[in-house]
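Taken in sequence, the protein lines are chains A and B.
Take 1 as the starting number for the first sequence in our numbering and just add one per residue.
Take 1 as the starting number for the second sequence in our numbering and just add one per residue.
Just to be clear, a hint being listed does not mean it is correct.
Computed list of lysine-lysine pairs in DSBU-like fashion (alpha-carbon distance at most 30 Å, straight line) [what the hints assert, rightly or not]:
no.	chain 1	residue 1	chain 2	residue 2
1	A	Lys18	B	Lys103
2	B	Lys70	A	Lys53
3	B	Lys70	A	Lys3
4	B	Lys103	A	Lys3
5	B	Lys38	A	Lys13
6	A	Lys13	A	Lys70
7	A	Lys57	B	Lys16
8	A	Lys53	A	Lys71
9	A	Lys55	B	Lys3
10	A	Lys3	A	Lys71
Source of the hints: derived by calculation from the structure; they are not laboratory data.
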Amino acid sequence: DVKVTQSSRYLVKRTGEKVFLECVQDMDHENMFWYRQDPGLGLRLIYFSYDVKMKEKGDIPEGYSVSREKKERFSLILESASTNQTSMYLCASRIYLRTDSNQPQHFGDGTRLSIL
Amino acid sequence: AQKVTQAQTEISVVEKEDVTLDCVYETRDTTYYLFWYKQPPSGELVFLIRRNSFDEQNEISGRYSWNFQKSTSSFNFTITASQVVDSAVYFCALRSIIQGAQKLVFGQGTRLTINP
Chain A
1 DVKVTQSSRY LVKRTGEKVF LECVQDMDHE NMFWYRQDPG LGLRLIYFSY
51 DVKMKEKGDI PEGYSVSREK KERFSLILES ASTNQTSMYL CASRIYLRTD
101 SNQPQHFGDG TRLSIL
Chain B
1 AQKVTQAQTE ISVVEKEDVT LDCVYETRDT TYYLFWYKQP PSGELVFLIR
51 RNSFDEQNEI SGRYSWNFQK STSSFNFTIT ASQVVDSAVY FCALRSIIQG
101 AQKLVFGQGT RLTINP
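Same shape as in the complex, but just chain B:
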């Protein structure tokens, strides 16, 4: 079965702190894809990044970075020097290329609050 676990339900930090959002996934497929989405208070889910299972290279985009570790089935997301505009609910998602190829399985989401 496909499963995504975001153990942190809510995180609250002060502006400029670094913060890491955890994502652990379960799948039996050898080929799969991982995604992160951001949901600001407006409600729309905004796509942030995708990573396929055969590309373990970590990625940095400005203040955002992602650490993909196949050995621990984790795909963690770090925001450096957080800002109030980063406040949102963040979802990690898993897409299998073999089973239910058109479906994304989402984690429960982590509500991140950045306080001024």
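This is chain A alone, in the form it adopts within the complex:
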């Protein structure tokens, strides 16, 4: 089974702090993703990464950055946390197969982040 692990289930930080959310997957997946989930808005893509050291902006990248130095780890960084970044953050990974591009994403349990 695919295992996507997010370092914290709950996190409380203060406005202006630099916040790191970590995600690790154990299946050697090439693609990794960060989403935020808000009531009534579903999941929105923040950033994604095709492979190591590669990153692409998603739909709402403002206020965030990412790092993918190793294949198994994808970090989301809030450069200067603000209250409107209080949300549930979900990490996902996906295998890339040339012969089947329709592989599903596998998600972690999520990190509920509160910015005070």
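Mind docking chain B on chain A? Use the hints.
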């Protein structure tokens, strides 16, 4: 633009009733993929099913069934003889093979509550 609409925000039924979750999508792409995910209270999104745009065959898996209708751009999900363990938030998602090929666009989600 890619868009997924789940018009039912919340559904509540009594155990053993059948329930259908609606999903309507918009895309200009001729090739695309549709997914359903389940998010139980624990928070992790669990992959349920995928369907590509050139395969309109409906699918049944135990008590779950999916009805894909390209003519109405719908991909509805039915649970037969619902059980309390089916209580969760369900997300429908669209992935385009041409535009933003690595991105999933999610609907807002439908919160399903099965009462004993």
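Hint check results:
no.	hint	in the structure
1	Lys18(A) x Lys103(B)	27 Å, holds
2	Lys70(B) x Lys53(A)	38 Å, violated
3	Lys70(B) x Lys3(A)	34 Å, violated
4	Lys103(B) x Lys3(A)	20 Å, holds
5	Lys38(B) x Lys13(A)	29 Å, holds
6	Lys13(A) x Lys70(A)	26 Å, holds
7	Lys57(A) x Lys16(B)	44 Å, violated
8	Lys53(A) x Lys71(A)	8 Å, holds
9	Lys55(A) x Lys3(B)	23 Å, holds
10	Lys3(A) x Lys71(A)	14 Å, holds
Of the hints listed earlier, those the structure fails to meet are numbers 2, 3, 7, in rising order.
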